[in-house]
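All chains, full assembly: derive it from the sequences and hints.
Letter by letter, the chains look like this.
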Amino acid sequence: MAENVTPRVRVPKSAKPGEDITIKTLISHPMESGQRKDKEGNTIPRSIINRFVATFNGETVIDVTMEPAISTNPYFEFVAKVPEAGTFEFTWYDDDGSVYTDKQDIAVG
Amino acid sequence: MNLTRRHALAAGAAALVLPRIAWADATADAISAFTGGADVAEGSGLTLTAPEIAENGNTVPIEVDAPGAEAIIVLATGNPNPDVVTFHFGKLAGAQRASTRIRLAETQEVVAVAKMSDGTFQRASREVKVTIGGCGG
Amino acid sequence: MMTRTITAMAVALMATGTFAQAQDLVINGEIPITTRAPAPDFVPAFSEVISGWEFRSPETQQLETDDFENPGMLFVEAAREAFSEPLKEGGQSCADCHESPEALAGARAVYPKWDEEHGEVQTIEMQINECITERAGAEPWGYVSTEMDNMSALMSAVSRGMPVNVATDGPAHETWKQGEEMYYTRYGQLELSCANCHEDNYGNMIRADHLSQGQINGFPAYRLKNAKLNSVHDRFKGCIRDTRAQTFKPGSPEFVALELYVASRGNGLSVEGPSVRN
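Chains as they are written, first to last, in the numbering used here: chain A, 1 to 109; chain B, 110 to 246; chain C, 247 to 524.
In case anyone wonders, no lab produced these hints; they're calculated from the structure.
We treat Cβ as the ideally placed atom computed from N, Cα and C, and that holds for glycine.
Careful: at least some of the hints might be erroneous.
As the list claims (entries may be wrong) - From chain C, some residues computed to sit far from chain B (all C-beta separations above 12 Å): (1) Gln269; (2) Pro386; (3) Thr431; (4) Ser458; (5) Tyr468; (6) Asn524.
To be verified - Using 20 Å as the maximum straight-line C-alpha spacing, the simulated PhoX-like pairs for lysine-lysine come out as follows: (7) Lys37/A <-> Lys13/A; (8) Lys238/B <-> Lys103/A; (9) Lys200/B <-> Lys24/A; (10) Lys39/A <-> Lys474/C; (11) Lys471/C <-> Lys37/A; (12) Lys16/A <-> Lys238/B.
Said to hold, decoys possible - DEER-style ranges, computed between Cβ atoms: (13) Val356/C <-> Asp105/A: 18 to 28 Å; (14) Ser141/B <-> Asn447/C: 27 to 37 Å; (15) Gln435/C <-> Glu3/A: 35 to 45 Å; (16) Phe314/C <-> Asn4/A: 34 to 44 Å; (17) Glu345/C <-> Val5/A: 23 to 33 Å; (18) Ser141/B <-> Thr43/A: 37 to 47 Å; (19) Gln269/C <-> Gly152/B: 51 to 61 Å; (20) Asp105/A <-> Gly484/C: 27 to 37 Å; (21) Phe314/C <-> Gly97/A: 26 to 36 Å; (22) Gly484/C <-> Pro30/A: 48 to 58 Å.
Take a look at the structure:
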């Protein structure tokens with residue numbers, strides 16, 4: 001089970017109505033691929049974040065299916081449209097059932 | 110069976126190319142699963158950006174960009190499992206573009222397939238050379 | 247954002263096997279980093295000392311230009327939290343003596359340095375453990391451990407952009423001389439000294455990798471290879487192991503001396519940690 005998983009997101013504080021903004025996310029996670037072996041030669045079991053979702057005011061921006069080939073500390077950069085003021089919600093789903101979330105408000109004006 | 114030299118050579122050659130076919134099959138299967146078996150065009154509607162030479166296969170930056178796409182799948186043809194990532198773009202995606210960092214086991218072709226909004230599929234690929242590191246300093 | 251230009255630059259860089267002219271590193275658009283400086287007088291082999299950042303590919307270099315993209319900063323953030331947590335139950339935290347990590351800005355730039363009270367040269371890790379055991383009365387952290395590497399990275403992060411300025415004279419001089427001696431001593435079955443790679447062959451390829459000058463101004467370094475922070479002594483251990491020698495232990499007097507000497511070779515470069523390397 002992954003420990004000390006901390007999500008980070010970068011969202012601008014404000015946008016113009018309808019503006020496209022760039023969002024960056026980074027989460028600390030080993031993304032154990034299930035392909036590696038420990039010193040005794042035993043396979044280290046897979047333990048990854050398998051899905052990442054970003055929504056704005058409940059509407060989907062991006063929904064990402066992740067495989068073990070995503071690097072340690074997964075990073076995503078993508079573009080969101082901001083039709084009105086509101087809240088971005090970011091959710092990461094772990095193989096072990098853990099769910100990590102972050103929220104960011106954005107003003108429009 | 111009368112094994113001629115020619116037969117033996119052919120059998121040997123088949124054995125040599127088998128692993129390659131296995132990789133190609135895994136990638137083809139992954140693409141079929143994504144497209145439902147539909148035709149995939151080599152098109153200009155999808156751009157896949159990746160370094161030609163990756164300094165370390167553990168962390169290779171890539172970007173996919175397909176204006177108007179519904180989803181984009183990325184596959185690493187030379188990895189033990191070719192699946193890497195699938196981006197599904199929602200109503201509030203400001204662009205059908207995304208970047209991430211991926212693991213590549215060896216020098217190989219990275220393939221992206223985009224599902225366009227009209228239901229057609231486009232493909233792009235890039236060869237990425239993964240260097241065998243020195244000491245890292 | 248990646249561009250084809252960056253890709254093209256990478257190819258040019260790798261294909262020629264040389265690193266190009268001086269490049270500018272500015273972190274977060276606000277912290278200029280000196281990646282080239284006049285070499286100290288005691289390093290006759292170079293006219294300039296060069297940060298390891300310049301030897302990396304454009305993709306790796308870019309990861310260090312923005313704290314958000316630098317995975318090493320995840321560990322700095324963890325250390326920021328630890329900074330105000332008690333070092334033992336009901337005990338003091340770092341913040342009880344040092345108001346904030348920023349209050350310690352500049353410390354990293356002068357370590358390793360002579361400690362009068364203990365009569366020895368101390369690395370910043372030794373100083374951190376001195377605080378933990380002598381001030382807070384808590385159990386010391388492992389010299390190479392997650393807590394220590396994180397705190398060391400925080401100490402670097404708050405000093406970024408400041409010139410490395412370790413003292414080589416005065417009471418530290420004897421230790422510094424010991425480090426210099428080690429730097430030019432051939433170790434292991436391969437009979438390689440630090441200088442054989444990092445002085446005689448920097449800029450050349452070692453397998454498919456560019457040899458740097460072996461500067462440590464960017465430590466601890468986040469390496470893509472193992473996706474974690476790597477401390478200076480861990481790096482030294484790796485280098486000596488690569489010569490097929492029995493290595494010294496992290497925290498050993500030998501590595502403390504070597505760190506003082508190697509750090510002084512980078513006097514004038516900016517503190518750059520946590521850097522991103524391959």
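Now the hints, each set against the structure:
Residue-level check passed: Gln269/C sits 16 Å from the nearest beta carbon of chain B, beyond 12 Å. Residue-level check passed: Pro386/C sits 28 Å from the nearest beta carbon of chain B, beyond 12 Å. Listed as outside the interface, Thr431/C is consistent with that label: its C-beta sits roughly 18 Å from the nearest C-beta of chain B, beyond the 12 Å cut-off. Some Cβ of chain B comes within 12 Å of the Cβ of Ser458/C; the nearest lies about 6 Å off, and the non-interface call is violated.
Tyr468/C, annotated as away from the interface, has a beta carbon of chain B within 12 Å; the closest lies near 10 Å. Against the 12 Å criterion, Asn524/C falls within the reach of chain B, whose nearest CB is about 4 Å from its own CB. The hinted pair formed by Lys37/A and Lys13/A fails the criterion: a straight-line CA distance of about 44 Å is larger than 20 Å. Proximity of Lys238/B to Lys103/A is assessed by CA-CA distance (about 38 Å); at most 20 Å being required, the pair is judged violated.
Restraint check: the Cα-Cα separation between Lys200/B and Lys24/A comes to about 18 Å, which is no more than 20 Å; the hinted pair holds. For the hint pairing Lys39/A with Lys474/C, the CA-to-CA distance comes to about 19 Å; that is within 20 Å, so the pair holds. The suggested pairing of Lys471/C with Lys37/A holds, with an alpha-carbon distance near 16 Å, which does not exceed 20 Å. With a C-alpha separation of about 42 Å, the suggested pair Lys16/A and Lys238/B falls outside the 20 Å cut-off, and the hint is violated.
The hinted range of 18 to 28 Å is not satisfied by Val356/C and Asp105/A, whose Cβ atoms lie roughly 42 Å apart. Evaluation of the 27 to 37 Å hint for Ser141/B and Asn447/C yields a failure: the beta carbon distance comes to about 50 Å. The beta-carbon spacing between Gln435/C and Glu3/A, approximately 39 Å, falls within the hinted interval of 35 to 45 Å. Evaluation of the 34 to 44 Å hint for Phe314/C and Asn4/A yields a failure: the beta carbon distance comes to about 18 Å.
In this structure the hint that Glu345/C and Val5/A lie 23 to 33 Å apart at CB holds, the actual value being about 29 Å. Taking 37 to 47 Å as the suggested C-beta distance range, the pair Ser141/B and Thr43/A does not conform, at roughly 28 Å. For Gln269/C and Gly152/B, the Cβ-Cβ distance of about 36 Å falls outside the hinted range of 51 to 61 Å, so the restraint is violated. In this structure the hint that Asp105/A and Gly484/C lie 27 to 37 Å apart at CB is violated, the actual value being about 45 Å.
Separated by about 28 Å at the C-beta atoms, Phe314/C and Gly97/A satisfy the suggested range of 26 to 36 Å. Between Gly484/C and Pro30/A, the C-beta spacing of about 21 Å breaks the proposed range 48 to 58 Å.
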